[in-house]
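Colleague: Starting from the known structure of chain W, fit chain Z onto it as the hints suggest.
Chains as they are written, first to last, in numbering that gives the first Met the number 0: chain W, 0 to 474; chain Z, 0 to 88.
Heads up, a few of these hints could be off.
Stated by the list, open to error - Simulated restraints on C-beta separations:
id: 1; chain 1: W; residue 1: LYS118; chain 2: Z; residue 2: SER77; range: 54 to 64 Å
id: 2; chain 1: W; residue 1: ALA34; chain 2: Z; residue 2: GLU21; range: 20 to 30 Å
id: 3; chain 1: Z; residue 1: SER77; chain 2: W; residue 2: THR368; range: 33 to 43 Å
id: 4; chain 1: W; residue 1: PHE90; chain 2: Z; residue 2: VAL28; range: 26 to 36 Å
id: 5; chain 1: Z; residue 1: ILE78; chain 2: W; residue 2: ASN157; range: 21 to 31 Å
id: 6; chain 1: Z; residue 1: ILE78; chain 2: W; residue 2: ASP156; range: 20 to 30 Å
id: 7; chain 1: Z; residue 1: LYS65; chain 2: W; residue 2: GLU104; range: 19 to 29 Å
id: 8; chain 1: Z; residue 1: GLU21; chain 2: W; residue 2: LYS240; range: 31 to 41 Å
id: 9; chain 1: W; residue 1: PRO84; chain 2: Z; residue 2: ALA70; range: 48 to 58 Å
id: 10; chain 1: Z; residue 1: ASN57; chain 2: W; residue 2: ASN157; range: 44 to 54 Å
These aren't lab readings, by the way, just hints derived from the structure by calculation. Just so you know, even glycine gets a beta-carbon here, dropped at the ideal spot from N, CA and C.
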Amino acid sequence: MRAYQDLREFLSVLEQQRQLLRITETVNLEPDLAAAACALTQIGETSPAIHFGNIAGYTNAQVVMNVHGSWPNHALALGMDRDAPLRDQFFEFVRRYRQYPGELERVARAPWQEVVVDKDVNLFDLLPLFRINRGDGGYFLDKACVVSRDPDDWDNDNIENVGVYRLQVKGRNRIGIQTVPQHDIAIHLTHAEERGEDLPVAIALGNEPIITLAGATPMLYDQLEYKMAAVMQGKPYRVVKTAKGLDVPWGSEYVLEGRVLGGQREPEGPFGEFPGYYSGCHKYPVIEIDRVSHRKDPIYDATYVGRPWTELDWLQAMTTSVPIFVQLSTTFPEVVAVNALYTHGLVIIVATKTRFGGFAKAVGMGVLTTPHGLGYAKIVIVVDADVDPFDLKQVMWAMSVKVNPAGDIIILPNLSENLLDPACQPGGMVSKMIIDATTPIAPDIRGDYGQELDTPQGTDTWRHKLGALMKDLHK
Amino acid sequence: MSQAMESAPPVVCPRCRSTTTEVRSTSPVKGVWTVFGCATCFYAWRSTEPEENRNPDNYPAVFRLKPEDLANLPVAPSIPPRRPPTGSS
Chain W
0 MRAYQDLREF
10 LSVLEQQRQL
20 LRITETVNLE
30 PDLAAAACAL
40 TQIGETSPAI
50 HFGNIAGYTN
60 AQVVMNVHGS
70 WPNHALALGM
80 DRDAPLRDQF
90 FEFVRRYRQY
100 PGELERVARA
110 PWQEVVVDKD
120 VNLFDLLPLF
130 RINRGDGGYF
140 LDKACVVSRD
150 PDDWDNDNIE
160 NVGVYRLQVK
170 GRNRIGIQTV
180 PQHDIAIHLT
190 HAEERGEDLP
200 VAIALGNEPI
210 ITLAGATPML
220 YDQLEYKMAA
230 VMQGKPYRVV
240 KTAKGLDVPW
250 GSEYVLEGRV
260 LGGQREPEGP
270 FGEFPGYYSG
280 CHKYPVIEID
290 RVSHRKDPIY
300 DATYVGRPWT
310 ELDWLQAMTT
320 SVPIFVQLST
330 TFPEVVAVNA
340 LYTHGLVIIV
350 ATKTRFGGFA
360 KAVGMGVLTT
370 PHGLGYAKIV
380 IVVDADVDPF
390 DLKQVMWAMS
400 VKVNPAGDII
410 ILPNLSENLL
420 DPACQPGGMV
430 SKMIIDATTP
440 IAPDIRGDYG
450 QELDTPQGTD
460 TWRHKLGALM
470 KDLHK
Chain Z
0 MSQAMESAPP
10 VVCPRCRSTT
20 TEVRSTSPVK
30 GVWTVFGCAT
40 CFYAWRSTEP
50 EENRNPDNYP
60 AVFRLKPEDL
70 ANLPVAPSIP
80 PRRPPTGSS
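The following block holds chain W by itself, in its conformation from the complex:
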């Protein structure tokens, strides 16, 4: 466990661990930055972060990408050993998640207050914006934390929200924001608009790695991301209040302050999104920015989004799997692990003990009623407790032999879904499927499941012994 005070400290650790590439040759904002970050995702699951320090047209701009984009980087973000296996990262994330809530450390000053622009704000001048995908409707901030409070309960810290939402820079001080109805900021905005008010927001860009993970986590409405980040890093989370009363990370590189304009919607998009498709254009809410603050020589942090897997899939890996697991296990303590790694949990694999026939199907329906399940979780595969849901070879074995489609597939028509899922019909609605890939048990007597194969005695001992010998072979 480790608390990084800011993005710079984390980048220096990545560099020490040989998980940061510095590109010193001159690069163009388009298409070089997105192309390099895309190439990193194609290289494999241990790719480094990438830092661009020599960008055409600038004397000192810095852009980093792929900061969370590999299992080693994800492990280091959590302060774990860089080689920590995926399963260990899941259970460590669960252990910390269950310690919620941690504390906030409020301080008066932050490095991001070093440079302040509050007149003639021009975001195109202040930020090294660039296009990610060729069909994007403009330049987007796609890894910033947006902070808001509920106008109906302004001083309640627990319902303050920190979320990572896509933001399109549309004018000098004008930003479009995607607030999916399932997300907490949409509730804040609804309350502001019912009151006939604007919604104050602060946009924090270039953060240490934990708050970005917390901001991408579908937590409960009354859980505050800073209090989750505190337990994730094992130390109170340091924040600074803006003049409007919004808490912003102490370590941010840039902070943009403004207001979502009540009752206004404007064309936004398209943007290449997490399902691997462009989002199309919609009329979305609009933010007017009044003030931009930043550190000296700020570092701009961005994510390449393409056909999975990309950095986004690491950002949404444990942050999706763990809350579903924790929320599901309050009703079903029999659940042993949840894998929601695929496309932000559009497909979810749950491993569970079963108490009686039909139990696994009830667990599958439970997944659909978690907060994340309401907008994702289109296909739920339920496997037995002795099947590792993170090992797709084991999951496919379970599907191969334990599923009889006649009784193990349930399709539930017309459920709510994130409108970015291209399978929706109409947008925001989709049918969902539960696949019961557990062994039928009484009174479900279908199939002819006799004795399952196990391993020869002593296999575990031999695995340890041979593993050590094989390590020697490669020395």
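Modeller: Quick look at chain Z alone, frame taken from chain W:
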């Protein structure tokens, strides 16, 4: 004039062909690039981007927009009705 040195906004937006084009920004190192934007469809592009992002004739048909269609885009989230003033029945 080379594409990198373009400084006046093009006559029409590459995406929606409106004439509401504006200069949004120029490179801090002079003459390297200019960013343009469209005040109608909010498209933004840089003078140094590939041709398909700058030139209306090369802009991919699948991403083109018509200004008259913008008003009919789906709205999300919907705008809620205002609450009645406190004290009203």
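Colleague: It remains to establish, for every hint, whether it holds in the given structure.
Modeller: For each hint, the structure was consulted:
no.	hint	verdict
1	W/LYS118 - Z/SER77: 54 to 64 Å	violated, 35 Å
2	W/ALA34 - Z/GLU21: 20 to 30 Å	holds, 28 Å
3	Z/SER77 - W/THR368: 33 to 43 Å	violated, 24 Å
4	W/PHE90 - Z/VAL28: 26 to 36 Å	violated, 50 Å
5	Z/ILE78 - W/ASN157: 21 to 31 Å	holds, 27 Å
6	Z/ILE78 - W/ASP156: 20 to 30 Å	holds, 28 Å
7	Z/LYS65 - W/GLU104: 19 to 29 Å	violated, 52 Å
8	Z/GLU21 - W/LYS240: 31 to 41 Å	holds, 36 Å
9	W/PRO84 - Z/ALA70: 48 to 58 Å	holds, 53 Å
10	Z/ASN57 - W/ASN157: 44 to 54 Å	holds, 52 Å
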